[in-house]
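Number of protein chains: 2
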Amino acid sequence: MQMNDYIELVNSKLNEFIQIQYPETIFKSMKYTVTLPGKRLRPILCLETCRLLGGEISDAIPTACAIEMLHAQTLIHDDLPCMDNDDYRRGKLTNHKVFGEAIAVLAGDALLTFAPQIITKYSENLSPSVLIRVLNEYFQYAGAYGVIAGQVVDIESENAEKIDNKEKTLEYLHIHKTSDLFKLAMRTGAIIAGADDEKISVITEFAHNFGLAFQIADDILDEISTFEEMGKTLGKDKEEGKLTYVSLYGLEESKCKLSCLFKNCCDIMNKHNIQSEILEDMIESIKKRVGI
Amino acid sequence: MQMNDYIELVNSKLNEFIQIQYPETIFKSMKYTVTLPGKRLRPILCLETCRLLGGEISDAIPTACAIEMLHAQTLIHDDLPCMDNDDYRRGKLTNHKVFGEAIAVLAGDALLTFAPQIITKYSENLSPSVLIRVLNEYFQYAGAYGVIAGQVVDIESENAEKIDNKEKTLEYLHIHKTSDLFKLAMRTGAIIAGADDEKISVITEFAHNFGLAFQIADDILDEISTFEEMGKTLGKDKEEGKLTYVSLYGLEESKCKLSCLFKNCCDIMNKHNIQSEILEDMIESIKKRVGI
Chain A
1 MQMNDYIELV NSKLNEFIQI QYPETIFKSM KYTVTLPGKR LRPILCLETC RLLGGEISDA
61 IPTACAIEML HAQTLIHDDL PCMDNDDYRR GKLTNHKVFG EAIAVLAGDA LLTFAPQIIT
121 KYSENLSPSV LIRVLNEYFQ YAGAYGVIAG QVVDIESENA EKIDNKEKTL EYLHIHKTSD
181 LFKLAMRTGA IIAGADDEKI SVITEFAHNF GLAFQIADDI LDEISTFEEM GKTLGKDKEE
241 GKLTYVSLYG LEESKCKLSC LFKNCCDIMN KHNIQSEILE DMIESIKKRV GI
Chain B
1 MQMNDYIELV NSKLNEFIQI QYPETIFKSM KYTVTLPGKR LRPILCLETC RLLGGEISDA
61 IPTACAIEML HAQTLIHDDL PCMDNDDYRR GKLTNHKVFG EAIAVLAGDA LLTFAPQIIT
121 KYSENLSPSV LIRVLNEYFQ YAGAYGVIAG QVVDIESENA EKIDNKEKTL EYLHIHKTSD
181 LFKLAMRTGA IIAGADDEKI SVITEFAHNF GLAFQIADDI LDEISTFEEM GKTLGKDKEE
241 GKLTYVSLYG LEESKCKLSC LFKNCCDIMN KHNIQSEILE DMIESIKKRV GI
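Sequences listed follow chains A and B, in order. Just so we're aligned: 115 in the working numbering is position 115 of the first sequence, and the numbers increase by one with no gaps anywhere. Just so we're aligned: 186 in the working numbering is position 186 of the second sequence, and the numbers increase by one with no gaps anywhere.
Isolated chain A (complex conformation) (with noise of 0.2 Å):
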């Protein structure tokens, strides 16, 4: 499968997955920011890890849906005039300015729900004790011990000035806030596919490195990047005096820090045997943009 056939399928079920019905206003805001276009890393990460440990890439599509659709649930609630107050997103108008507020709150809470059923009803080939496993993963990084606690730091990062252990505080907003759902969609994969514990741990490792570098190449892009290129409001962070990688670092040794841990992913590879063009071709295409 090359990129695009992964982002098409992911893109088809999506759709398929969020049938439009009564009351239809919370089933189109759902749908609304689900199927914004983007670039389905999660999901895609997902499949293709269910791909290279053997297993078959449809069993694993009802659980890349649904951790796109979390994906969505940040960001929904993530853009409220309550948390980071943004109208675009993506180059569209961000779901409360579609929607109103209340709705957008309430298409984020049904996505919530919506998410893990969409693993038990359609993960038909799934023995209950995998699913359930599954379900325990997504629960686990999609909550108040996940990406929720990330966002928590996130917000508390603001006066940065007052945080105590700056670098501490940064790598747990970091590994939460992004490398969680990086590791809930590797994992998974691994899981469906049947993979043992060894290379679930590696696959972890993996997604650890890898989910690190995609949120420093976006502190980055929020530095030196435009609207245009990035479809939202940028610098915010900045303005409101928010903990970033290039806050804390510097532009310079931000570059070198995504350098280091896109090799790690790049020998993590190398090491065990895992030859994936998606991979090589998602850590590529990040480089490019932040100019490495």
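Hints should not be assumed to be uniformly reliable.
Straight line, CA to CA, 25 Å or less: simulated PhoX-like cross-link-like pairs of lysine-lysine [unchecked claim]: (1) Lys-162/B x Lys-97/A; (2) Lys-242/B x Lys-97/A; (3) Lys-28/B x Lys-168/A; (4) Lys-288/B x Lys-28/A; (5) Lys-28/A x Lys-257/B; (6) Lys-232/A x Lys-288/A; (7) Lys-97/B x Lys-162/A.
Hints are computed from structural coordinates only; laboratory data are not their basis. Predicted, not measured: the structure shown is a model, and the values here were computed from it.
Chain A is fixed; fit chain B onto it per the hints.
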């Protein structure tokens, strides 16, 4: 078990399930609303149904507590400024008044993942396939097909004047906004007890009537009660022109309908030889408060 034993059991388990850890803000915020004093009707309905149908109460505790957490989640987000904008709930400041809006949004989000996680984490005695059945019930009633569908129609019922079929809309709204969580509680209690489909359908019928009665009682109390009695601001639905049982049918007819629904509940209990002081107490206590 008496009502107070149930309340004590549920409270102690809710307290135990939410351990405060880093980042503390989010767990404190979740715990704040979940542990506000309350009647714990939904979890008790789950536990009592399980007991009535021959199951072990202890097997249903994680699910019962998850449903109370889900209920607390709906309160946190309902009270937000962009929703009902309420400052008080159960006589205490609402979540966003204590923790700020951003954390209140995230605490609600976190509970939506935390609640089903509690079910998978602590239901050691349930087989994987029963566990998945319970989760499927949870997903169906908690999300866009259940409670949230009701909340959306509730929001859209502002300016009730514009609604075409008010009677049908109101019924839909009540069924989903309120009955669905009662159905979820009693159906999962029955499933955990190993009840057959026929018993589950009797239980569902009871929950349907009880839930509607509960919502009509709430509409009546919103009209005739005081802040001190209810612990929340009253009369807001009327102010916003929202569709309620009382606004559509008047106070007297609402009381008649309530009596009729409770009679249905008692008929179901008699017909199927369900003897429960707890269910009878719940009905009597609501009747007393409303004055019928």
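Hint check results:
1. Lys-162/B x Lys-97/A: It holds: about 23 Å lies between the C-alpha atoms, which stays within 25 Å.
2. Lys-242/B x Lys-97/A: holds, 24 Å
3. Lys-28/B x Lys-168/A: holds, 22 Å
4. Lys-288/B x Lys-28/A: Given that 25 Å is the threshold and the Cα spacing comes to 43 Å, the pair is violated.
5. Lys-28/A x Lys-257/B: Distance ~35 Å between Lys-28/A and Lys-257/B Cα, so the pair is violated.
6. Lys-232/A x Lys-288/A: holds, 19 Å
7. Lys-97/B x Lys-162/A: With a Cα-Cα distance of about 23 Å, the restraint between Lys-97/B and Lys-162/A holds, given a limit of 25 Å.
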